[in-house]
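A.B. asks: Next come the chains, spelled out residue by residue.
Number of protein chains: 2
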Amino acid sequence: MSEQPLDKKALKKQLAKLTEALLDAQFDLRKASKGPLLVLISGNDFAGKAEAIYAFYDALDNRFLSTRAFALPNSIERKMPRLWRYWRSLPPAGQLGFYLGSWYHQPLMQLSRGKISKAAFEREMQNIVRFEQALVDEGVTLVKLWLHLTPDSVKTRPPIDPELKQTVAMREWGDFSAADYEQVRESARLMSELTSTAQAPWTRVESHDARHRDLQIGQIVLLAMQQMLKPIGKAKASDWTSSNTAHLGKLDYQLQLDKPVYKQQLEHYQNLLRELIRHPAFSRRSLLLVFEGTDAAGKGGAIRRITQCLDPRYLRVHGTSAPTEEERSHPYLWRFWRRVPAPGSVVVFDRSYYGRVLVERVEGFVDDTGWQRAYQQINDFETQLVQAGTVVIKFWLSISEGEQLKRFEARDASPVKRYKLTDEDWRNRKQWPAYEQAVNDMVDLTSAPQAPWHLISAQDKRYARVETLKIVCETLRKALR
Amino acid sequence: MSEQPLDKKALKKQLAKLTEALLDAQFDLRKASKGPLLVLISGNDFAGKAEAIYAFYDALDNRFLSTRAFALPNSIERKMPRLWRYWRSLPPAGQLGFYLGSWYHQPLMQLSRGKISKAAFEREMQNIVRFEQALVDEGVTLVKLWLHLTPDSVKTRPPIDPELKQTVAMREWGDFSAADYEQVRESARLMSELTSTAQAPWTRVESHDARHRDLQIGQIVLLAMQQMLKPIGKAKASDWTSSNTAHLGKLDYQLQLDKPVYKQQLEHYQNLLRELIRHPAFSRRSLLLVFEGTDAAGKGGAIRRITQCLDPRYLRVHGTSAPTEEERSHPYLWRFWRRVPAPGSVVVFDRSYYGRVLVERVEGFVDDTGWQRAYQQINDFETQLVQAGTVVIKFWLSISEGEQLKRFEARDASPVKRYKLTDEDWRNRKQWPAYEQAVNDMVDLTSAPQAPWHLISAQDKRYARVETLKIVCETLRKALR
Numbered sequence: 000m001s002e003q004p005l006d007k008k009a010l011k012k013q014l015a016k017l018t019e020a021l022l023d024a025q026f027d028l029r030k031a032s033k034g035p036l037l038v039l040i041s042g043n044d045f046a047g048k049a050e051a052i053y054a055f056y057d058a059l060d061n062r063f064l065s066t067r068a069f070a071l072p073n074s075i076e077r078k079m080p081r082l083w084r085y086w087r088s089l090p091p092a093g094q095l096g097f098y099l100g101s102w103y104h105q106p107l108m109q110l111s112r113g114k115i116s117k118a119a120f121e122r123e124m125q126n127i128v129r130f131e132q133a134l135v136d137e138g139v140t141l142v143k144l145w146l147h148l149t150p151d152s153v154k155t156r157p158p159i160d161p162e163l164k165q166t167v168a169m170r171e172w173g174d175f176s177a178a179d180y181e182q183v184r185e186s187a188r189l190m191s192e193l194t195s196t197a198q199a200p201w202t203r204v205e206s207h208d209a210r211h212r213d214l215q216i217g218q219i220v221l222l223a224m225q226q227m228l229k230p231i232g233k234a235k236a237s238d239w240t241s242s243n244t245a246h247l248g249k250l251d252y253q254l255q256l257d258k259p260v261y262k263q264q265l266e267h268y269q270n271l272l273r274e275l276i277r278h279p280a281f282s283r284r285s286l287l288l289v290f291e292g293t294d295a296a297g298k299g300g301a302i303r304r305i306t307q308c309l310d311p312r313y314l315r316v317h318g319t320s321a322p323t324e325e326e327r328s329h330p331y332l333w334r335f336w337r338r339v340p341a342p343g344s345v346v347v348f349d350r351s352y353y354g355r356v357l358v359e360r361v362e363g364f365v366d367d368t369g370w371q372r373a374y375q376q377i378n379d380f381e382t383q384l385v386q387a388g389t390v391v392i393k394f395w396l397s398i399s400e401g402e403q404l405k406r407f408e409a410r411d412a413s414p415v416k417r418y419k420l421t422d423e424d425w426r427n428r429k430q431w432p433a434y435e436q437a438v439n440d441m442v443d444l445t446s447a448p449q450a451p452w453h454l455i456s457a458q459d460k461r462y463a464r465v466e467t468l469k470i471v472c473e474t475l476r477k478a479l480r
Numbered sequence: 000m001s002e003q004p005l006d007k008k009a010l011k012k013q014l015a016k017l018t019e020a021l022l023d024a025q026f027d028l029r030k031a032s033k034g035p036l037l038v039l040i041s042g043n044d045f046a047g048k049a050e051a052i053y054a055f056y057d058a059l060d061n062r063f064l065s066t067r068a069f070a071l072p073n074s075i076e077r078k079m080p081r082l083w084r085y086w087r088s089l090p091p092a093g094q095l096g097f098y099l100g101s102w103y104h105q106p107l108m109q110l111s112r113g114k115i116s117k118a119a120f121e122r123e124m125q126n127i128v129r130f131e132q133a134l135v136d137e138g139v140t141l142v143k144l145w146l147h148l149t150p151d152s153v154k155t156r157p158p159i160d161p162e163l164k165q166t167v168a169m170r171e172w173g174d175f176s177a178a179d180y181e182q183v184r185e186s187a188r189l190m191s192e193l194t195s196t197a198q199a200p201w202t203r204v205e206s207h208d209a210r211h212r213d214l215q216i217g218q219i220v221l222l223a224m225q226q227m228l229k230p231i232g233k234a235k236a237s238d239w240t241s242s243n244t245a246h247l248g249k250l251d252y253q254l255q256l257d258k259p260v261y262k263q264q265l266e267h268y269q270n271l272l273r274e275l276i277r278h279p280a281f282s283r284r285s286l287l288l289v290f291e292g293t294d295a296a297g298k299g300g301a302i303r304r305i306t307q308c309l310d311p312r313y314l315r316v317h318g319t320s321a322p323t324e325e326e327r328s329h330p331y332l333w334r335f336w337r338r339v340p341a342p343g344s345v346v347v348f349d350r351s352y353y354g355r356v357l358v359e360r361v362e363g364f365v366d367d368t369g370w371q372r373a374y375q376q377i378n379d380f381e382t383q384l385v386q387a388g389t390v391v392i393k394f395w396l397s398i399s400e401g402e403q404l405k406r407f408e409a410r411d412a413s414p415v416k417r418y419k420l421t422d423e424d425w426r427n428r429k430q431w432p433a434y435e436q437a438v439n440d441m442v443d444l445t446s447a448p449q450a451p452w453h454l455i456s457a458q459d460k461r462y463a464r465v466e467t468l469k470i471v472c473e474t475l476r477k478a479l480r
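Residue numbers (numbering that gives the first Met the number 0), protein chains in the order written: chain A, 0 to 480; chain B, 0 to 480.
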């Protein structure tokens, strides 16, 4: 970008034109419900990271702007996956969000201060690249700015307000020597190298002159907004090879328990689960149970046999249905990130984020690229949870087509169960082979060792209830050891 | 309620019938999107307050149940209005929410432990009665249960699990002697006396026998659910006397500033505001600015002259438009409670909760009782904020009919401003006298000394900008003294 100084009059004219264009773009973006646009502002101390945002508040409609500044994580945030707080704070479509101290800040400082190894930093940068890719895939646009000061220009900067002389980084990480600053520069170079992707590159902004800096940033943001408004061609679906493994075909539908054995085993495992959940170690862990399955396979009944053993105060059961207005204006996984369990608590998803690769895929609610990339997004989501201490257990409860028909007909007749049967259930039934393929693909692609699928024959309800309970107990026992 | 023991078989039969009826009622409630139903469970220690909830998780669809247990407020909650955390946690319509350690717990313990005076306790109970009234008015149903144990029955209770022997109250308030328990009983009697209203009475549940206790609670909850499902007659609007004071008529539309004076004063007050907001005392306070006004009066411009002085990191500007799906399934003020400023920060409402007594009243989006009781609800809301340290400043920016027409026409022509003009604006213009009456009523009914209205002539934009800025500075200066 050209660096020659503009005279005051020309600058003023350019700024006025820019303001008008930005305001137009903001309006159009909001109307089209595109975005959001996230502007990450990092850079050298005293380069004016916070000040750079002020100009936007001056020019644009403040109602559709937000600024997030993240300090060191608080006591709850420290126990959750590192990206959790960023996921939760995403602004909705149509908005412009500024991030100070974004997801880059902490690893950058940790590396600069020698608190983590270069290898750990590189892993973290890889996580971030995948996180940003997931955002971009879901319609978010990222502008990543590094506000640069040459050591020379620092000297020519006007004297800094003494009250502000301590930067956020200094308050959090202690004082910085000249060598420390060199370290930060060094780390930033590595960061930029590792995370300047085609979808979300870093842009360096020379910041020794405040007005010139703001003009540059304004132009970059305007360009990004105009880009967002362009119609996008339908993304080409990548080659897709469906699973050849008939996972469901391997189930033994003959498995069953007679009543006395069921009663005895149910009691046994329920007592065991009560004990495990009160284990002191569980207060630092958490449990996420995912229940998916054929309609009428008895998910609700199996879930209740588990929740009966849990303290309602530390339990949430979430049903997953069509997303709300607010949820639709955020990336797909946003609503599930908002519902992950806190330390010491249990969350049950009665249907879950796997809906994207099951019902949404089969019914065509999402295009092919959408469900095809969801497998990776889901794997990343679960990996982060597991790394933060959550025990993730996933069940597919399966019944045969014939058994389902019998149950649908019985439900129609029962007053306690009639509420469970909807027209949708009958419609889904016609898609049986498509669902079977979707399940096979899902099991193939999302069975990491730390979050495997358990396929359970639910032809006999008693067997399924005891089996799920048993798996929960065994997995928890291993995890708490 | 009858207390004779049921034989086991009869009890089982009754429970099965009750379960079926509860499940039906839950389904119907959800379909009709009635409620939510809040069940507050208080009572003697060891009466089984948490256990009483388990039965519902056994019987009902867990996806539409939630349980909240409130311990002592955390560091943020302590700085916010006491009821803030309860407002935020309200479940949506169609759901059943159980509350342990509800809004009664803390004052009850404080009184029992001699931490607050009886007079302070009584004031707190009055606040709660108004809070509950507001909830009930907005469609929430409240069931308040006191689980009672006679001193005798405590002796005959089965021995308690040693791990659970320390109750929540004990962990938070220290050990309890027999005399302490008598104190709690005494305080509870006073609480019940002060807060058993027609809409939300306390019900005592004998709890020495767990099964009998659960059966009673199930029946009470069922009754409440069935009551909710009955069609409600249209509430009679109370007598309504409109304001006779022509507040807007008193405005002097001649007030204006010429450009040099404007520039000088703007700079002066902007610098003053920057200083005030950095005052150390402000870190424990917060600022809520409400901007209402005639369409095209220049709210946005006045707001920007203020936000220019503020740090975007501690600022949120919220526009208020039609509520979302999720917001509609909660009491009206819920969405504003979610947006009140945290300590050290500023929230600006560009249009606000006053919408209920302005546009919603004039356009008939709410029935007469709805907007008529909103004045009291809003006063209570603001009073709680002020008591917790928020500075509340409210502006009505006013222009004449002729001036509005001129501005609408100018907007149509300007590329930067065209986005501001909608069909709705032209429609609202036809309702001029109705809006004027609504404003006069609003000013009459919501001008408490700690949160007064400032009516500003905005005929001259410069005058209005400086005047609002000046009032913000003066009010803040007084508050921080």
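Since the hints were derived computationally from the structure, they do not count as laboratory data.
Any given hint might turn out to be false.
[What the hints assert, rightly or not] Here are the computed lysine-lysine pairs in the DSSO-like style, where the Cα-Cα straight-line distance is at most 27 angstroms:
{"#": "1", "chain 1": "B", "residue 1": "429", "chain 2": "B", "residue 2": "460"}
{"#": "2", "chain 1": "A", "residue 1": "16", "chain 2": "B", "residue 2": "33"}
{"#": "3", "chain 1": "B", "residue 1": "262", "chain 2": "A", "residue 2": "460"}
{"#": "4", "chain 1": "A", "residue 1": "12", "chain 2": "B", "residue 2": "262"}
{"#": "5", "chain 1": "A", "residue 1": "249", "chain 2": "A", "residue 2": "405"}
{"#": "6", "chain 1": "A", "residue 1": "262", "chain 2": "A", "residue 2": "16"}
{"#": "7", "chain 1": "B", "residue 1": "460", "chain 2": "A", "residue 2": "11"}
{"#": "8", "chain 1": "B", "residue 1": "7", "chain 2": "A", "residue 2": "12"}
{"#": "9", "chain 1": "A", "residue 1": "8", "chain 2": "A", "residue 2": "30"}
{"#": "10", "chain 1": "A", "residue 1": "258", "chain 2": "B", "residue 2": "7"}
{"#": "11", "chain 1": "B", "residue 1": "262", "chain 2": "A", "residue 2": "16"}
{"#": "12", "chain 1": "A", "residue 1": "258", "chain 2": "B", "residue 2": "114"}
{"#": "13", "chain 1": "B", "residue 1": "33", "chain 2": "B", "residue 2": "8"}
{"#": "14", "chain 1": "B", "residue 1": "12", "chain 2": "A", "residue 2": "460"}
{"#": "15", "chain 1": "A", "residue 1": "7", "chain 2": "B", "residue 2": "8"}
{"#": "16", "chain 1": "A", "residue 1": "16", "chain 2": "B", "residue 2": "405"}
{"#": "17", "chain 1": "B", "residue 1": "8", "chain 2": "A", "residue 2": "262"}
{"#": "18", "chain 1": "A", "residue 1": "460", "chain 2": "B", "residue 2": "16"}
{"#": "19", "chain 1": "A", "residue 1": "262", "chain 2": "B", "residue 2": "405"}
{"#": "20", "chain 1": "B", "residue 1": "258", "chain 2": "A", "residue 2": "16"}
{"#": "21", "chain 1": "B", "residue 1": "12", "chain 2": "A", "residue 2": "262"}
{"#": "22", "chain 1": "A", "residue 1": "7", "chain 2": "B", "residue 2": "262"}
{"#": "23", "chain 1": "B", "residue 1": "11", "chain 2": "A", "residue 2": "8"}
{"#": "24", "chain 1": "B", "residue 1": "78", "chain 2": "A", "residue 2": "78"}
{"#": "25", "chain 1": "A", "residue 1": "11", "chain 2": "B", "residue 2": "262"}
{"#": "26", "chain 1": "B", "residue 1": "33", "chain 2": "B", "residue 2": "262"}
[Stated by the list, open to error] Have a look at the derived ranges for each label pair, beta carbon to beta carbon:
{"#": "27", "chain 1": "B", "residue 1": "307", "chain 2": "A", "residue 2": "240", "range": "30 to 36 angstroms"}
{"#": "28", "chain 1": "B", "residue 1": "375", "chain 2": "A", "residue 2": "378", "range": "49 to 55 angstroms"}
{"#": "29", "chain 1": "B", "residue 1": "318", "chain 2": "A", "residue 2": "135", "range": "35 to 41 angstroms"}
{"#": "30", "chain 1": "B", "residue 1": "73", "chain 2": "A", "residue 2": "448", "range": "45 to 51 angstroms"}
{"#": "31", "chain 1": "A", "residue 1": "426", "chain 2": "B", "residue 2": "307", "range": "25 to 31 angstroms"}
{"#": "32", "chain 1": "B", "residue 1": "375", "chain 2": "A", "residue 2": "473", "range": "55 to 61 angstroms"}
{"#": "33", "chain 1": "A", "residue 1": "205", "chain 2": "B", "residue 2": "399", "range": "46 to 52 angstroms"}
{"#": "34", "chain 1": "B", "residue 1": "73", "chain 2": "A", "residue 2": "318", "range": "45 to 51 angstroms"}
{"#": "35", "chain 1": "A", "residue 1": "364", "chain 2": "B", "residue 2": "180", "range": "55 to 61 angstroms"}
{"#": "36", "chain 1": "B", "residue 1": "318", "chain 2": "A", "residue 2": "219", "range": "24 to 30 angstroms"}
Remember, it's a predicted structure, so these values are computed and weren't measured experimentally.
A virtual CB, placed ideally from N, CA and C, is assigned to each residue, including glycine.
A.B. asks: Does each hint fit the structure? Answer for all of them.
C.D. replies: We went through each hint and held it up to the structure:
no. : hint                                : in the structure
1   : 429(B) / 460(B)                     : 23 angstroms, holds
2   : 16(A) / 33(B)                       : 52 angstroms, violated
3   : 262(B) / 460(A)                     : 78 angstroms, violated
4   : 12(A) / 262(B)                      : 20 angstroms, holds
5   : 249(A) / 405(A)                     : 22 angstroms, holds
6   : 262(A) / 16(A)                      : 76 angstroms, violated
7   : 460(B) / 11(A)                      : 23 angstroms, holds
8   : 7(B) / 12(A)                        : 87 angstroms, violated
9   : 8(A) / 30(A)                        : 34 angstroms, violated
10  : 258(A) / 7(B)                       : 21 angstroms, holds
11  : 262(B) / 16(A)                      : 23 angstroms, holds
12  : 258(A) / 114(B)                     : 56 angstroms, violated
13  : 33(B) / 8(B)                        : 35 angstroms, violated
14  : 12(B) / 460(A)                      : 23 angstroms, holds
15  : 7(A) / 8(B)                         : 92 angstroms, violated
16  : 16(A) / 405(B)                      : 25 angstroms, holds
17  : 8(B) / 262(A)                       : 19 angstroms, holds
18  : 460(A) / 16(B)                      : 23 angstroms, holds
19  : 262(A) / 405(B)                     : 80 angstroms, violated
20  : 258(B) / 16(A)                      : 23 angstroms, holds
21  : 12(B) / 262(A)                      : 20 angstroms, holds
22  : 7(A) / 262(B)                       : 19 angstroms, holds
23  : 11(B) / 8(A)                        : 87 angstroms, violated
24  : 78(B) / 78(A)                       : 24 angstroms, holds
25  : 11(A) / 262(B)                      : 18 angstroms, holds
26  : 33(B) / 262(B)                      : 55 angstroms, violated
27  : 307(B) / 240(A): 30 to 36 angstroms : 57 angstroms, violated
28  : 375(B) / 378(A): 49 to 55 angstroms : 53 angstroms, holds
29  : 318(B) / 135(A): 35 to 41 angstroms : 27 angstroms, violated
30  : 73(B) / 448(A): 45 to 51 angstroms  : 37 angstroms, violated
31  : 426(A) / 307(B): 25 to 31 angstroms : 56 angstroms, violated
32  : 375(B) / 473(A): 55 to 61 angstroms : 57 angstroms, holds
33  : 205(A) / 399(B): 46 to 52 angstroms : 50 angstroms, holds
34  : 73(B) / 318(A): 45 to 51 angstroms  : 29 angstroms, violated
35  : 364(A) / 180(B): 55 to 61 angstroms : 58 angstroms, holds
36  : 318(B) / 219(A): 24 to 30 angstroms : 26 angstroms, holds
Hints 2, 3, 6, 8, 9, 12, 13, 15, 19, 23, 26, 27, 29, 30, 31, 34 from the list above are not met by this structure, while the remaining hints are.
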